[in-house]
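Line by line, the protein sequences are chains A and B.
The numbering of the first sequence is the numbering used here, which starts it at 1 and goes up by one.
The numbering of the second sequence is the numbering used here, which starts it at 1 and goes up by one.
It should be emphasised that the hints constitute simulated quantities derived from the structure, not laboratory data.
Since this is a predicted model, take the numbers as computed values, not measurements.
Note that beta-carbon positions come from the ideal geometry of N, C-alpha and C, so glycine has one too.
Check the hints yourself; a few may be wrong.
Taking lysine to aspartate or glutamate and the EDC-like style, the derived pairs with C-alpha atoms no more than 20 Å apart in a straight line are [unchecked claim]:
id: 1; chain 1: A; residue 1: Lys119; chain 2: A; residue 2: Glu87
id: 2; chain 1: B; residue 1: Lys112; chain 2: A; residue 2: Glu87
id: 3; chain 1: A; residue 1: Lys27; chain 2: A; residue 2: Asp69
id: 4; chain 1: B; residue 1: Lys296; chain 2: B; residue 2: Asp312
id: 5; chain 1: A; residue 1: Lys124; chain 2: A; residue 2: Glu7
id: 6; chain 1: B; residue 1: Lys112; chain 2: A; residue 2: Asp345
id: 7; chain 1: A; residue 1: Lys172; chain 2: A; residue 2: Glu160
id: 8; chain 1: A; residue 1: Lys97; chain 2: A; residue 2: Glu160
id: 9; chain 1: B; residue 1: Lys112; chain 2: A; residue 2: Glu393
A partial selection of chain A residues facing chain B, derived with a Cβ cut-off under 7 Å [unchecked claim]:
id: 10; residue: Trp66
id: 11; residue: Ala68
id: 12; residue: Asp69
id: 13; residue: Leu73
id: 14; residue: Gly351
id: 15; residue: Ala355
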Amino acid sequence: MADLTTEFLGIKSPNPFWLASAPPTDKEYNVRRAFEAGWGGVVWKTLGSEGPPVVNVNGPRYGAIWGADRRLLGLNNIELITDRPLEVNLEEITRVKKDYPDRAIIVSLMVPCEEQAWKDILPKVAATGADGIELNFGCPHGMAERGMGSAVGQVPEYIEMVTRWCKENYDKPVIVKLTPNITDVRYPARAAKAGGADAVSLINTINSIVSVDLDNMAPQPTIGGKGTHGGYCGPAVKPIALNMVAEIARDPETHGLPISAIGGITTWRDAAEFMAMGAGNVQVCTAAMTYGFRIVQEMISGLSQWMDEKGYSSTSDFIGTAVPNVTDWQYLDLNYITKAKIDQDLCISCGRCFAACEDTSHQAIAMSEDRVFTVKDEECVACNLCVNVCPVEGCITMEEMAAGTVDPRTGETVSDDYANWTTHPNNPGACAAE
Amino acid sequence: MAARHQASGVQAGRLSADAIAENFSDLHPAFDAHEAAVAADRCYFCYDAPCMTACPTDIDIPMFIREIQAGHPEAAARTILEQNILGGMCARVCPTETLCEEVCVREVAEGKPVEIGRLQRYATDTLMAAGVHPFTRADATGKKVAVVGAGPAGLSCAHRLAMHGHDVVVYDRRNKPGGLNEFGIAAYKSVDSFAEREVDWLLQIGGIEIVTGRTLGEDLSLDSLCSEFDAVFLSIGLAGVNALRAEGADKQGVRDAVDFIAELRQAEDLSALEVGRNVVVIGGGMTAVDAAVQSKLLGAENVTIAYRRDRDAMGASRFEQDLAASKGVKLMFNVQPVAVHGNGAATEIELEYTSNQTGTLTGTGETVRLVADQVFKAIGQTLEGAPEALALDGRKIAVTGAGRTSVDGVWAGGDCAAGGDDLTVTAVAEGRDAAMDIHDSLMG
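Just need the whole structure built from these sequences, with the hints factored in.
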């Protein structure tokens, strides 16, 4: 069985599955349950400055969207940082770390953008024995209105400045948690690196309103007739997070900067994908909040099995291996030609591929009187929509056309030469092929 | 208790009232909102959906299920009822396993179809519980149409005609409208007087007068109807029953299954209903299953369905056969009755094995005797009381197009008309389509 032991910034944990800073890590009770369930580490829910803690709303904090059978796909929250006194949290962190020395405990922090505020809290955190800190520059609601969270994460100069203060006043690893509520995630990542960050973690939640109460004409969750945007997470945000992780992993300026990936990770496969895309480990929240802590057992066994099947003995064997294959659109090979193919043995004749292709795409699927669906190669542009709407996995596949064969759609012979847009004759800015 | 159960002969009260009430509860209980949501989520919204093609009334099934998914069961009901005004009853009695659900792609893929029938019931029950009748009448046309027979075909026809502004009078030979919905069909498929409530709900459209106790050929003639009304729709069903050609068929305890079922449907107190200890039902259709299962549910100790052909030829669907078997009914195939024995009252039935090897069914000469104090005949119904002026096609009224008979101005549909299966849903479709044809010819 593959060894899942992961070393991230020199912090060892028995597996790469950490719980993200969020409600599941707000208290000693929850964190102990998480460790007993098998989680490799936790990022303790964000601590604020000493003094009276923040208060949360007393109405609903979460909203959601669902798929079939009410499977939770996206969750949104308007909860703030911990609303328990700093001292209580610090005492609990100290106790838990002492009892679980083999698990990672990172402390998430959010204090005002003043150096003194950071100088005050960092020694207290250091005294707990926690393995590192994560700077919460991501929360998009509530705290951002007070100049913290994503209000900092949206200004690269602030990120760099605060990161530097932390590096100067704290000896252990500093992870900077990034907000996705920006136009280009590479800038905040570069700023974190410039400030001396040991790693970035991403994504924090996305600005969102999940639904509108049509009886009361108010966003949900609704508090006394009003609502506000919250932070969106869960399976629905995974593609956004995956892209942002990839952007940072392949940016020459940040390439090699350790990444802790967050965003809709629900199964071992999601974790493997993020790690292949350059993440040294992953953080999970919504999946645990939906199903409870036990899911980590599926993640552990699933990742191990997959690694065994692939011959990986350690997570470092595959971390980042997909990064070189992320490129810009302009470099995609235009001579790579595929056609959809429907496996008639697997087809259940629902006709969704036909409706999708006929109504909204390229009229490339034929339907016979007796409901046999076949691809018209002469019309198929290989868009993949039929594959995506088919309810049976593996029923429709994209088959690559061999070099030398003729694409019936264009009448042209398939070439195995690589050719992309930069040299295409239709491109006004095409450079001559070398 | 045991003594009552084992009493020989045809007796009432074989089971306690509580046990009978339990036995006759809803066969497929109604979905609650959560169950409906889970079931609806399984629908793939197929293109040109096979379920829709299989439905004799062409209900847009993917659309109504999508409406349930989207939180509007009332809209789903409207989608159903636009095509099938008796969608509530059809949701209960349709053999969905041989219609929409048989061809559901999830039946094909997983052996577990979307539960279309129960979803349809959820939608129509929701609307009816709200007391809503979602259709209104068009402006009055001044035309009058007579409908003879207040069963599914007649009610469907009457409703569609009334909707288009015609005035309709529906005659029925019984004391109550509903036809087989009211007097046929197993009780556990239509609990809580649903048939009666559905008729009341349907009549909310207005413009329909129900006249009961009038029989065509007795106190009602086609000639007078034709002169009094602008059009006539006949949906008189099959009022006759085939005779049992077996020695002793007139003995006490031998009875038509349809009469037993009708009596059961109208009974105030099922525990007062008589049933034999050893019951044999002759036949292989839905009526045979309904009679056999209900005999068992009333407390008959041994119930056997004796069918002259093999299982595949049986008119009742495999689901119905399995239902009967699950209630403890024994199914015998390839046997035909040759004699009922007994001194005045039946005590035994003698069955002869059959063979179909030559292409025609013949007795093999080998016989078997079953103890039988009650024998139900469920060997088919026949057209009775059809006006002589009408041409027949085989043993039913000949029709062309949307139910046009050989006589101008007279349409027919439902079981009495040739073509189509003898199903509630088929009758509804025929009534509806004839109404549209009548409307077109009256207004054209």
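| query | Does Trp66/A meet its interface restraint, that is, does its C-beta lie within less than 7 Å of any C-beta in chain B? | reply | Hint violated; Trp66/A Cβ to chain B Cβ min 10 Å, cut 7 Å.
Holds or violated: is there a CB of chain B closer than 7 Å to the CB of Ala68/A?
At about 4 Å, which falls below the 7 Å cut-off, the nearest Cβ of chain B leaves the hint on Ala68/A intact, so it holds.
Within a Cα-Cα threshold of 20 Å, do Lys119/A and Glu87/A meet the stated pairing? holds, 16 Å
**Message:** So if I understand the rule, the pair passes when the alpha-carbon distance is 20 Å or less; does Lys296/B with Asp312/B pass?
**Reply:** Not satisfied, since the Cα-Cα distance of roughly 23 Å exceeds 20 Å.
Quick check on the hint: Leu73/A CB to chain B CB, less than 7 Å? For Leu73/A, the interface hint is violated, since the closest Cβ of chain B sits about 13 Å away, which is over 7 Å.
- Proposed proximity, Glu393/A with Lys112/B (alpha carbon, max 20 Å): holds, 18 Å
20 Å limit on alpha-carbon distance, applied to hinted pair Lys124/A and Glu7/A: Distance ~25 Å between Lys124/A and Glu7/A Cα, so the pair is violated.
- Task: For the pair we were handed, Lys97/A and Glu160/A, check the Cα-Cα distance against 20 Å.
- Result: violated, 29 Å
- Query: Going straight from one Cα to the other, do Lys112/B and Asp345/A come out at no more than 20 Å?
  - Reply: holds, 18 Å
Next item in the hint list is Gly351/A. Is there a CB on chain B closer than 7 Å to its CB? Holds, about 3 Å.
* Verify the interface restraint on Asp69/A: the C-beta must sit less than 7 Å from at least one C-beta of chain B. => Since chain B brings a Cβ to about 5 Å from Asp69/A, closer than 7 Å, the hint holds.
Regarding the pair Lys27/A and Asp69/A, is the alpha-carbon distance no greater than 20 Å? Outside the cut-off at roughly 32 Å; violated.
The structure shown violates the earlier hints numbered 2, 3, 4, 5, 8, 10, 13.
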